[in-house]
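Enquirer: Spelled out, the chains give:
There are 2 protein chains.
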Amino acid sequence: MDATLSSGVVRAGRQAREQFHDARGYGDPDGEGVRFAPVEAAHLLYRDDLGAVDDMGFRAFLASSTCPDLHFLVYKDLRDRGFYLSPTGVDWVGDHGTADLVVYPRGKGPWDDEVAYRVRVVSERATVSAADLGDVVLAVVDEESEITYLETDRPDATGSTAHDAPAAVPGSLLDDRVLVWDPPADLYERGFYGQPLDRDGETVETLQLSLVEAAYLVRHGTLTLGTDGDDGQAVLERGRTVEGDRFDRRLRVYTVLREAGVVPKTGYKFGADFRTYADVESVSELSHSELLVRVVPAGHTFAPRDLALDVRLAGGVRKRMVFALVGENIEWLSAERLTP
Amino acid sequence: MDATLSSGVVRAGRQAREQFHDARGYGDPDGEGVRFAPVEAAHLLYRDDLGAVDDMGFRAFLASSTCPDLHFLVYKDLRDRGFYLSPTGVDWVGDHGTADLVVYPRGKGPWDDEVAYRVRVVSERATVSAADLGDVVLAVVDEESEITYLETDRPDATGSTAHDAPAAVPGSLLDDRVLVWDPPADLYERGFYGQPLDRDGETVETLQLSLVEAAYLVRHGTLTLGTDGDDGQAVLERGRTVEGDRFDRRLRVYTVLREAGVVPKTGYKFGADFRTYADVESVSELSHSELLVRVVPAGHTFAPRDLALDVRLAGGVRKRMVFALVGENIEWLSAERLTP
Numbered sequence: 000m001d002a003t004l005s006s007g008v009v010r011a012g013r014q015a016r017e018q019f020h021d022a023r024g025y026g027d028p029d030g031e032g033v034r035f036a037p038v039e040a041a042h043l044l045y046r047d048d049l050g051a052v053d054d055m056g057f058r059a060f061l062a063s064s065t066c067p068d069l070h071f072l073v074y075k076d077l078r079d080r081g082f083y084l085s086p087t088g089v090d091w092v093g094d095h096g097t098a099d100l101v102v103y104p105r106g107k108g109p110w111d112d113e114v115a116y117r118v119r120v121v122s123e124r125a126t127v128s129a130a131d132l133g134d135v136v137l138a139v140v141d142e143e144s145e146i147t148y149l150e151t152d153r154p155d156a157t158g159s160t161a162h163d164a165p166a167a168v169p170g171s172l173l174d175d176r177v178l179v180w181d182p183p184a185d186l187y188e189r190g191f192y193g194q195p196l197d198r199d200g201e202t203v204e205t206l207q208l209s210l211v212e213a214a215y216l217v218r219h220g221t222l223t224l225g226t227d228g229d230d231g232q233a234v235l236e237r238g239r240t241v242e243g244d245r246f247d248r249r250l251r252v253y254t255v256l257r258e259a260g261v262v263p264k265t266g267y268k269f270g271a272d273f274r275t276y277a278d279v280e281s282v283s284e285l286s287h288s289e290l291l292v293r294v295v296p297a298g299h300t301f302a303p304r305d306l307a308l309d310v311r312l313a314g315g316v317r318k319r320m321v322f323a324l325v326g327e328n329i330e331w332l333s334a335e336r337l338t339p
Numbered sequence: 000m001d002a003t004l005s006s007g008v009v010r011a012g013r014q015a016r017e018q019f020h021d022a023r024g025y026g027d028p029d030g031e032g033v034r035f036a037p038v039e040a041a042h043l044l045y046r047d048d049l050g051a052v053d054d055m056g057f058r059a060f061l062a063s064s065t066c067p068d069l070h071f072l073v074y075k076d077l078r079d080r081g082f083y084l085s086p087t088g089v090d091w092v093g094d095h096g097t098a099d100l101v102v103y104p105r106g107k108g109p110w111d112d113e114v115a116y117r118v119r120v121v122s123e124r125a126t127v128s129a130a131d132l133g134d135v136v137l138a139v140v141d142e143e144s145e146i147t148y149l150e151t152d153r154p155d156a157t158g159s160t161a162h163d164a165p166a167a168v169p170g171s172l173l174d175d176r177v178l179v180w181d182p183p184a185d186l187y188e189r190g191f192y193g194q195p196l197d198r199d200g201e202t203v204e205t206l207q208l209s210l211v212e213a214a215y216l217v218r219h220g221t222l223t224l225g226t227d228g229d230d231g232q233a234v235l236e237r238g239r240t241v242e243g244d245r246f247d248r249r250l251r252v253y254t255v256l257r258e259a260g261v262v263p264k265t266g267y268k269f270g271a272d273f274r275t276y277a278d279v280e281s282v283s284e285l286s287h288s289e290l291l292v293r294v295v296p297a298g299h300t301f302a303p304r305d306l307a308l309d310v311r312l313a314g315g316v317r318k319r320m321v322f323a324l325v326g327e328n329i330e331w332l333s334a335e336r337l338t339p
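So the sequences go chain by chain: A and B.
Numbering-wise, numbering that gives the first Met the number 0 puts 47 at position 48 of the first sequence, and it's gapless, one number per residue.
Numbering-wise, numbering that gives the first Met the number 0 puts 130 at position 131 of the second sequence, and it's gapless, one number per residue.
Okay, chain A solo, but in the shape it has when bound (with noise of 0.2 Å):
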């Protein structure tokens, strides 16, 4: 069975018709034929179901500058695991932002109205910008074809974490850090602020902030420095000689998780700005953290690389991976594998 190709859209007859769009969900209905887009074009010349589009088989059709190869490679993979789907970009395909690939849920088509997934492919090689980012599903192929799913959704970060600060404790500013000594008990125990100099102890002799912590603290009036000038101003300082402009977005993140009641520590180990803890109520009975959060600002664009490895590690250590995008508000992107 032969088709034809014009203005980037294959024909083919009425018995193409009942055979791949009536049966199995290719195209889409033309007067008693069938349209295809070229991917669906491609697959079935590779199927052999087709025999030729203009002269051409699959690896002319394929070499040929209609069919993109990497939307191919993604369409063949979710039709092999049992999915109908349909290539946007053509007429009778609806609008679906940044999608490439409309896949039904399995067992329904594109005569139904359910969407199962919204799919964007790229190279690993591209960059993706965040604000695309968070109701598509990424199929990123790698150079040796292998497809990765990462889902990106717009989670909230809220916990229940809440904890009275006292008022005033005195601290040392360090070059890269506050020392508080002899703190009340209840700023680590309870607040989870700091991290004790000795961990044996019974009691927190020194407790360590972060300037992270110490900017908040300070602003929240339960930290004093006794700087020469502006306690605040000094730890701001501080913390933008150490890592510039980063330090004021990481601030802004922490501040919006701790008003959310999540308490968020440093993610360093993991390689994230920090790691999340819902619902504090007190240090010795901590739960699993939860969250890592990667702090970047609202215009980013990503390298599915590095999302990838993002993803990888936070799966490894059963933590979600959530980006803070910060711009004039924050929003939350998380990403996940997925397995169609």
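Source of the hints: derived by calculation from the structure; they are not laboratory data.
One or more hints might be untrue.
Each pair may be met inside one copy or between any two copies, as identical chains are not told apart.
Only pairs whose alpha carbons sit at most 27 Å apart, straight line, appear in this in silico DSS-like list of lysine-lysine [said to hold, decoys possible]:
1. K268 - K75
2. K75 - K107
3. K318 - K268
Since chain A is already given, all that's left is putting chain B on it; use the hints.
Expert: Relative to the frame of chain A, chain B by itself:
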């Protein structure tokens, strides 16, 4: 027992020499007495072994500018682990390159002639130049004062893979890969070039080569692409379109590894450029890949946060993390987690 501070050196008398130097490896003999680096004096103050240095107790001494707080934290941690060690940067300790602390083997001290580790202390937010790594242990202090030790080395990358590739196999250059139709069986099975389009088939009908593999094979006369001009140039241009200068760097590393008998395959899933197999006899009897390789320019500076992420991920999949530093030559730098 008290001590005095002068020009960055802390001095104490004969009793201090006997108790702290002779018995426990702090400082250096100084006439009948002893002299300490500030970090050593801080540790003695912290332990209440010394009462004061120029009227300063531990808190005042640590908060003064005499003693770097990161160095103190790492010094304390290594002492807690049972090591004797000396800070560099004082007259009586020799030259140890970029190291901040010289750690002696357990049971040995500054009076012996053996070194267990040369340790460089860095904040997680500092940057570290690749040129400074390779014979030093990085002690990375995170903002909550947890310490991660990363051992760096300059390994070789060699293997025993031998495969005589056939000549002039035809292929088609697509957007981001090369397809070889009905390839010679050995190209994949023995040479481990490419990835079959269909993984289920008994014979490989279509082999997908990455652009790096294709560029290498064109240069070695194995592959022809039937382009209008120079095949090699055509692949190079395609590669540079996709990833700029980085393509050239990756091709150089790919070539050096292949010539050393090592097979590089994509390391995308691990966030790396390549994973490598040192001894491939046939793909159907493939062993575990040994290295993860990340390709960087020779002048690269590492963020300890990213370095820790790479090392952690490599450890999680039982591979060794290696950086290929690409300049005039290619140098190898490895990093792995160390528990002193």
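Enquirer: Now, for every hint given, state plainly whether the structure supports it.
Expert: Going down the list of hints, with the structure as the test:
In this assembly of identical chains, K268 and K75 lie within 27 Å of each other by CA distance solely across copies; the values are 20 Å between and 38 Å within a copy. Only within a single protomer do K75 and K107 lie at most 27 Å apart by alpha-carbon distance; the minimum there is 17 Å, versus 64 Å between protomers. In this assembly of identical chains, the alpha carbons of K318 and K268 lie at most 27 Å apart whether taken from the same copy (13 Å) or from different copies (18 Å).
Hint compliance for this structure: no hint is broken.
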